[in-house]
Each structure stands twice: as structure tokens, then as C-alpha cells.
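Chemist: As they're listed, the protein sequences go chains X and G.
Here UniProt numbering is used: position 141 in the first sequence is 141, and no number is missing along the way.
Here UniProt numbering is used: position 182 in the second sequence is 182, and no number is missing along the way.
Certain hints may be false.
No copy is singled out in the list; a pair is fine if it fits within one copy or between any two copies.
Claimed, not checked - Cross-link-like lysine to any residue pairs, in silico, SDA-like; alpha carbons within 20 Å at most:
id	residue 1	residue 2
1	Lys172	Arg195
2	Lys172	Asn70
3	Lys71	Glu153
4	Lys71	Ala117
5	Lys71	Gly47
None of these hints come from the bench; they were simulated from the model.
The model shown is predicted, which means the values in this text are computed figures rather than measured ones.
2 protein chains.
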Amino acid sequence: MPRSSNVSETSAEAEAAPGDWRQIEPIALPGTLAAAKDAFHDRGFHGTSIRDIAARAGVSLPTLYYHHENKQGILVALLEAGMSSVLGRVRAAISDATTPPEQLSNAVEAIVLHMTADLELASVARELRYLDHDNPHRQHYVGMRTEVEDLLEDILRRGIDSGDFQIEGDVKESLRYLLGACQEVTTWYHPSGTRSPAEVAGSYAVTSLHAVGARPSTQPGTSTRTTPRS
Amino acid sequence: MPRSSNVSETSAEAEAAPGDWRQIEPIALPGTLAAAKDAFHDRGFHGTSIRDIAARAGVSLPTLYYHHENKQGILVALLEAGMSSVLGRVRAAISDATTPPEQLSNAVEAIVLHMTADLELASVARELRYLDHDNPHRQHYVGMRTEVEDLLEDILRRGIDSGDFQIEGDVKESLRYLLGACQEVTTWYHPSGTRSPAEVAGSYAVTSLHAVGARPSTQPGTSTRTTPRS
Numbered sequence: 001m002p003r004s005s006n007v008s009e010t011s012a013e014a015e016a017a018p019g020d021w022r023q024i025e026p027i028a029l030p031g032t033l034a035a036a037k038d039a040f041h042d043r044g045f046h047g048t049s050i051r052d053i054a055a056r057a058g059v060s061l062p063t064l065y066y067h068h069e070n071k072q073g074i075l076v077a078l079l080e081a082g083m084s085s086v087l088g089r090v091r092a093a094i095s096d097a098t099t100p101p102e103q104l105s106n107a108v109e110a111i112v113l114h115m116t117a118d119l120e121l122a123s124v125a126r127e128l129r130y131l132d133h134d135n136p137h138r139q140h141y142v143g144m145r146t147e148v149e150d151l152l153e154d155i156l157r158r159g160i161d162s163g164d165f166q167i168e169g170d171v172k173e174s175l176r177y178l179l180g181a182c183q184e185v186t187t188w189y190h191p192s193g194t195r196s197p198a199e200v201a202g203s204y205a206v207t208s209l210h211a212v213g214a215r216p217s218t219q220p221g222t223s224t225r226t227t228p229r230s
Numbered sequence: 001m002p003r004s005s006n007v008s009e010t011s012a013e014a015e016a017a018p019g020d021w022r023q024i025e026p027i028a029l030p031g032t033l034a035a036a037k038d039a040f041h042d043r044g045f046h047g048t049s050i051r052d053i054a055a056r057a058g059v060s061l062p063t064l065y066y067h068h069e070n071k072q073g074i075l076v077a078l079l080e081a082g083m084s085s086v087l088g089r090v091r092a093a094i095s096d097a098t099t100p101p102e103q104l105s106n107a108v109e110a111i112v113l114h115m116t117a118d119l120e121l122a123s124v125a126r127e128l129r130y131l132d133h134d135n136p137h138r139q140h141y142v143g144m145r146t147e148v149e150d151l152l153e154d155i156l157r158r159g160i161d162s163g164d165f166q167i168e169g170d171v172k173e174s175l176r177y178l179l180g181a182c183q184e185v186t187t188w189y190h191p192s193g194t195r196s197p198a199e200v201a202g203s204y205a206v207t208s209l210h211a212v213g214a215r216p217s218t219q220p221g222t223s224t225r226t227t228p229r230s
């Protein structure tokens with residue numbers, strides 16, 4: 001029961017609507033998950049107790065245990081909320097374009113917008129290493145992450161075949177490079193800084209196109225990409 | 001006294017010898033710091049007690065407190081050991097080249113080799129957010145990190161001036177992109193995998209040159225860069 005409750009508690013909010021992949025608002029999370037997200041961000045998974053989470057959420061331990069089997073279950077729910085959101089964004093962003101350069105640009109933009117929309121939720125992805133390896137939900141989470149990677153790898157391979165991209169080395173390693181750069185946005189981006197989410201997302205899309213050796217003529221909208229879209 | 005002991009305990013090992021910037025061995029750390037590094041990696045800063053560190057190191061609490069004022073002091077010593085190592089490598093790598101593309105290639109290679117040489121030590125950099133903002137050593141650490149960033153920014157700006165690099169947007173954001181990609185190596189690299197540190201470092205150097213719009217003719221040694229050097 002607790003595990004199925006996890007899923008039903010988060011699934012409604014987690015999937016981005018197809019046309020909404022450029023939205024910059026954080027995902028709405030139930031109170032206990034929002035509290036856990038803050039706690040994990042402030043003190044890490046092992047530095048947070050289930051009592052800390054209940055206290056931050058202002059709920060009793062029995063209420064918290066009604067929804068989540070244990071702290072691992074809460075971590076799973078947060079990881080899945082973040083990953084299903086980015087997967088939904090990336091799918092929609094790719095559908096919104098046709099050529100490999102446009103699709104890569106959109107996909108990178110979608111990932112960076114996911115990072116900046118909720119820095120704390122995006123940072124929780126780093127806590128995956130604390131999820132038990134035999135946790136039955138681990139496979140589902142890793143499956144979603146693999147789907148994101150596969151979608152991008154497919155774009156890179158189609159772009160190489162079409163002559164749009166020039167990647168000399170290992171395609172998967174180029175992909176890790178791109179995704180790593182995007183993931184690290186959570187460590188330096190501040191909403192109060194001078195750069196808007198759309199500006200960062202646009203400039204990361206352009207840099208990613210360069211990184212995979214996109215010919216300048218194939219780079220979509222580079223002249224306007226560093227301008228906020230909305 | 002404890003803080004000056006921190007420094008003397010680590011400084012001898014921390015600075016890479018100038019000619020050694022391509023070495024792939026982990027930094028030798030005193031036993032207590034090696035134990036703390038493992039503990040922080042396994043459970044995070046707040047998930048680790050000073051007793052855990054003493055137990056892992058096989059020393060008494062008084063012995064540990066003789067060298068380090070508290071857990072924050074241990075974190076400082078680890079952060080400084082990692083950062084002074086990468087700073088030493090980057091300085092030496094840049095001195096070992098003349099043109100901006102060669103220097104960028106060397107610098108990225110040096111940073112990735114730092115990451116792969118000791119994944120756990122390199123990961124400790126993420127724990128900076130748990131270092132008290134009024135810790136007197138924070139400024140020294142951040143100063144070293146800023147020096148690494150400034151060295152790379154200087155290369156990018158000289159490369160733009162010389163026409164070697166084509167960066168359309170913000171130079172600092174391009175730099176964050178490169179450094180982020182390198183930092184994330186710690187999250188996916190496994191020494192037991194198919195890629196050697198030199199191979200990953202070489203391919204990251206090539207991808208970084210692409211990312212900053214290096215003209216193919218200016219990219220040093222790209223045809224051999226994915227081959228291990230030693």
C-alpha cells in the first residue's frame with residue numbers, strides 16, 4: 001500500500017503536458033514531498049531523518065507513514081517526480097521539432113529549463129546513490145533516465161548520419177558531456193542572478209550544438225537563442 | 001593550532017609537481033582525511049559523525065581533534081587538498097602549451113584527469129554547500145577555485161581575440177558549461193569500465209574545443225587525442 005500511494009501521490013503532477021515543455025514553474029508536489037525535497041537539499045539523504053521530514057511538513061509520523069513506507073520510499077517518490085517531469089519535457093520538446101539540430105536544441109533547452117524550474121528537485125537526482133540497489137522502484141527510475149539518454153543518443157546518431165553533426169569520438173561520451181553540463185546548472189544557477197532560465201537554456205542549446213560539431217548553417221535560430229522567449 | 005595543523009597535514013601532498021599534470025594516481029592523504037573522504041562520499045557531510053571518521057581511520061577522538069578542530073575543519077582540509085591539486089595541474093597544463101586551443105585542451109585534460117584520479121575526493125567538492133559561510137578557510141578555497149576559473153576564462157578570451165574560438169554568448173556561461181561537464185565525470189566514470197582516464201580526458205578536451213567553436217585546423221592533435229597517452 002505505501003508504495004502504490006507514493007505513485008498516486010505524485011503521478012498527477014509529475015508528467016509535463018506536451019505543449020508545456022518550456023514552462024518555467026516548479027512542479028507542484030504534495031506537502032510531505034516538498035518538505036523532504038528541502039530537507040534532502042539542506043542536509044542530504046543520510047543527514048535527514050524521517051522525523052525531520054514530518055516536522056518540516058507539519059504532519060504526524062503516522063500520516064507520513066500512510067503515504068510512504070520509509071525514507072527510501074520518499075526518495076523514490078522525489079526521484080520519480082523529477083525524472084518523469086524531465087522525460088515528459090524532453091519527449092514534448094523533441095516532438096516539437098523535425099531536424100536533428102532542432103531536436104537537440106529543443107531537448108537541451110527542455111533539460112536546462114527542468115533544472116532551473118526547481119533547482120532543489122533537480123538536485124535530488126544526485127541522491128540516487130543512496131537508494132538501495134535492490135529497491136524495486138530503482139529499475140523504473142533508471143528506465144526513465146535511460147529513455148531520456150536514448151532519445152538524445154538517437155538524435156545524435158541521426159544527426160551524424162545526416163551530416164548535421166561531426167562527432168569524432170564515442171557518441172555516448174559526447175552525450176554524457178552534454179548531459180553533465182546541463183546537470184551542473186543546479187550547482188551555479190541562482191534565480192536572483194542576471195540570467196533568466198530561458199537565456200541559460202538557449203545558450204546551453206547553442207553550446208551543445210557546437211559541442212557535437214553542428215555546422216553553423218544547421219543551427220536553428222542561433223541568432224535569437226540567447227534572448228528570453230516569453 | 002588545529003587549523004594550522006590541517007594545512008601542514010595536507011599541503012605537502014596537495015600540490016601537483018609541474019611536470020606531473022598528466023599523472024593518474026590519487027593524491028596521498030593522511031589516514032584521517034582518507035577516512036573522512038570515504039565517509040563523506042558514502043553518507044554525505046551531515047550523514048557522517050566525527051566518531052564515524054575516527055572509527056574508520058582507526059584513531060581515537062583526541063588524536064583526530066589534535067589535527068582538526070571539528071568536522072568543518074576536516075571538510076576544509078579535504079576541499080583544499082582537492083582544489084590545490086586541480087589548481088596545480090591546471091597551471092602546469094597551461095604552461096605546457098602556447099596557443100589558446102592547446103592550452104584549453106591541456107587544461108580540460110588536466111581537470112578530467114583530476115576527477116578520474118580520485119573520484120571520491122573530486123566529489124567532496126559538492127559538499128562545499130555544507131561549509132559554514134563564515135568559515136575563515138572558505139575564502140581561501142573559493143579563491144583557488146576562482147583562480148582555476150580565471151585561468152580558463154583568460155584562455156577563452158585570448159582565443160576569441162585570436163580568432164581561434166567562436167563564442168556567441170556569454171563567455172563565463174560557456175566556461176560553466178565546460179567545467180560542469182568535467183565535474184560530472186565523477187558521477188558516471190568507473191575505473192573498471194572500458195574507458196581509461198586518458199581516453200576520457202582526451203575526448204572531453206576535443207568536445208570542449210568544439211563547444212567553444214574552435215576551428216578544426218586549430219584543434220591540437222585531435223586525431224590522436226582519443227588514444228591513451230601512456
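Chemist: Indicate, hint by hint, whether the structure satisfies it.
Modeler: Against the structure, the hints come out as follows:
1. Lys172 x Arg195: between (30 Å within a copy, 12 Å between copies)
2. Lys172 x Asn70: Classified as neither: same-chain Cα gap 35 Å, cross-chain 42 Å, threshold 20 Å.
3. Lys71 x Glu153: neither (34 Å within a copy, 42 Å between copies)
4. Lys71 x Ala117: neither (24 Å within a copy, 33 Å between copies)
5. Lys71 x Gly47: Close inside one copy (11 Å) and across copies (14 Å); limit 20 Å.
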